[in-house]
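Please take these sequences and the hints and turn them into a complete structure.
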Amino acid sequence: ISLNPLITTNTTEITITSNTRPVENASVETVCSCPCNKQPMKNLTSEEIVEKLNQLATELTIPRNTTSKYKRSKISAPDERESSLYISTFIVMIVTIPFALIIFLDLIPLIKWVFIKCM
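Our numbering puts the sequence shown at residues 188 to 306.
These aren't lab readings, by the way, just hints derived from the structure by calculation. Heads up, some of the hints might be wrong.
Here are the in silico distance ranges between beta carbons for each label pair [what the hints assert, rightly or not]:
{"no.": "1", "residue 1": "L288", "residue 2": "R251", "range": "40 to 46 Å"}
{"no.": "2", "residue 1": "I278", "residue 2": "R251", "range": "57 to 63 Å"}
{"no.": "3", "residue 1": "P250", "residue 2": "F286", "range": "35 to 41 Å"}
{"no.": "4", "residue 1": "P285", "residue 2": "K261", "range": "42 to 48 Å"}
{"no.": "5", "residue 1": "K258", "residue 2": "K299", "range": "51 to 57 Å"}
{"no.": "6", "residue 1": "L292", "residue 2": "L272", "range": "29 to 35 Å"}
{"no.": "7", "residue 1": "M306", "residue 2": "E267", "range": "51 to 57 Å"}
{"no.": "8", "residue 1": "N252", "residue 2": "F302", "range": "49 to 55 Å"}
{"no.": "9", "residue 1": "W300", "residue 2": "R251", "range": "49 to 55 Å"}
{"no.": "10", "residue 1": "K239", "residue 2": "L272", "range": "53 to 59 Å"}
{"no.": "11", "residue 1": "A244", "residue 2": "S271", "range": "40 to 46 Å"}
Heads up, simulated SDA-like pairs for lysine to any residue below, C-alpha to C-alpha not over 25 Å straight-line [to be verified]:
{"no.": "12", "residue 1": "K304", "residue 2": "F291"}
{"no.": "13", "residue 1": "K261", "residue 2": "E234"}
{"no.": "14", "residue 1": "K256", "residue 2": "A244"}
Please read all numbers here as calculations on a predicted model, not as lab measurements. All C-beta atoms, glycine included, are put in the ideal place defined by N, C-alpha and C.
Here it is, written out as structure tokens:
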């Protein structure tokens, strides 16, 4: 078949033959991993339904402190910036120096009392 003088297409016919014969006494077994097909259906009472739901709830419940969300909430992200290091050092000094001065000023009379008492 020629569509265009520059474009031509060729068609080839292919014949496929196969020899088939019927299989006698063949049984087909379906593989189903669902346990519901193996058990007979029965109607459950409301108490049995509640019991089954409670059982499923306890089986599916995960303790909160084992989840990755909980673990991530307890770990702070590292901060490698120099500015954060300097700021945190400065804040620690601002908080600890007044307490250290108060304790030191209270220790001076205690040290004097110990030396006077020992002499």
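Checked hints:
Separated by about 44 Å at the C-beta atoms, L288 and R251 satisfy the suggested range of 40 to 46 Å. Range check, I278 to R251: about 32 Å between beta-carbon atoms, so the 57 to 63 Å window is missed. P250 and F286 have their C-beta atoms about 39 Å apart, which keeps the hinted 35 to 41 Å range intact. The given range of 42 to 48 Å is broken by P285 and K261, whose C-beta atoms sit roughly 30 Å from each other.
For the pair K258 and K299, the beta carbons lie near 52 Å from each other, so the given range of 51 to 57 Å is met. In this structure, L292 and L272 meet the distance hint of 29 to 35 Å, their C-beta atoms being roughly 30 Å apart. Roughly 55 Å separates the CB atoms of M306 and E267, a value that falls within the hinted 51 to 57 Å. Between N252 and F302, the C-beta spacing of about 54 Å keeps the proposed range 49 to 55 Å intact.
Restraint check, W300 to R251: a C-beta distance of roughly 54 Å satisfies the suggested window 49 to 55 Å. The beta-carbon spacing between K239 and L272, approximately 57 Å, falls within the hinted interval of 53 to 59 Å. Judged by the Cβ atoms, the range 40 to 46 Å given for A244 and S271 holds: they are separated by roughly 45 Å. A C-alpha spacing of about 20 Å is found between K304 and F291, which places the hinted pair at or below 25 Å, so the restraint holds.
Distance hint between K261 and E234 is unfulfilled; the C-alpha atoms sit about 41 Å from each other, more than 25 Å. Restraint check for K256 and A244: satisfied, since their Cα atoms lie roughly 21 Å apart, inside the 25 Å limit.
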